[in-house]
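FYI, UniProt numbering numbers position 102 of the sequence shown as 102, with every residue one higher than the one before it.
Hint data in this document are derived by calculation from the structure and do not stem from the laboratory.
Incorrect hints may appear among the rest.
[Stated by the list, open to error] Distance condition first, Cα-Cα at most 20 Å in a straight line; then the derived PhoX-like pairs of lysine-lysine:
{"hint": "1", "residue 1": "Lys93", "residue 2": "Lys81"}
{"hint": "2", "residue 1": "Lys90", "residue 2": "Lys102"}
{"hint": "3", "residue 1": "Lys103", "residue 2": "Lys93"}
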Amino acid sequence: MTENPTPDVHDILDDHGERIGSLERWRDSADGKMDGIRRELSAVRAEGQAQSAATSAAMDRQSRDIQDLTRQLAEHTGAQKERNRLDQAKLTKARIAESRWKKRAAIFGLVFAVFGALGGTLLSSQTWDDFFFANVPFLHHHHIIGTLQ
1 MTENPTPDVH DILDDHGERI GSLERWRDSA DGKMDGIRRE LSAVRAEGQA QSAATSAAMD
61 RQSRDIQDLT RQLAEHTGAQ KERNRLDQAK LTKARIAESR WKKRAAIFGL VFAVFGALGG
121 TLLSSQTWDD FFFANVPFLH HHHIIGTLQ
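Turn these sequences into a full structure, and let the hints guide you.
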């Protein structure tokens, strides 16, 4: 029994060496794949961060635009309200002036009607007519008393 255990050990060592080499090659390829995945993951993260920054900038711009638009709309609405208030005040003044003129015209109409009625009543009398116009010959018709035969 003096067999040489070396050849079996060498074969076993060679087999283990091949296995270890195979495992190292597999690990190296897995490491390469992991490095590729890490690079891709880093690129995806960078793209996501860039997209997030761009979205944030766009949202900030939109927010400023909306605030500017709101401010302009408020200014326009305020100016429009002020313009409407001034127009309403002018219209109110015009209506008041119109109503004053209508009242004055009605009062003058009544006064003139009263004076006209009073004058018509007083001046229609023959006494006044004779008193004021007695010496005006063409206003009086001279009647001939008597009959023509």
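Hint check results:
The hinted pair formed by Lys93 and Lys81 meets the criterion: a straight-line CA distance of about 18 Å does not exceed 20 Å. Between Lys90 and Lys102 the alpha-carbon distance is near 18 Å, which keeps this suggested pair within the 20 Å criterion. A distance of roughly 15 Å separates the Cα atoms of Lys103 and Lys93; the hinted pair therefore holds under the 20 Å criterion.
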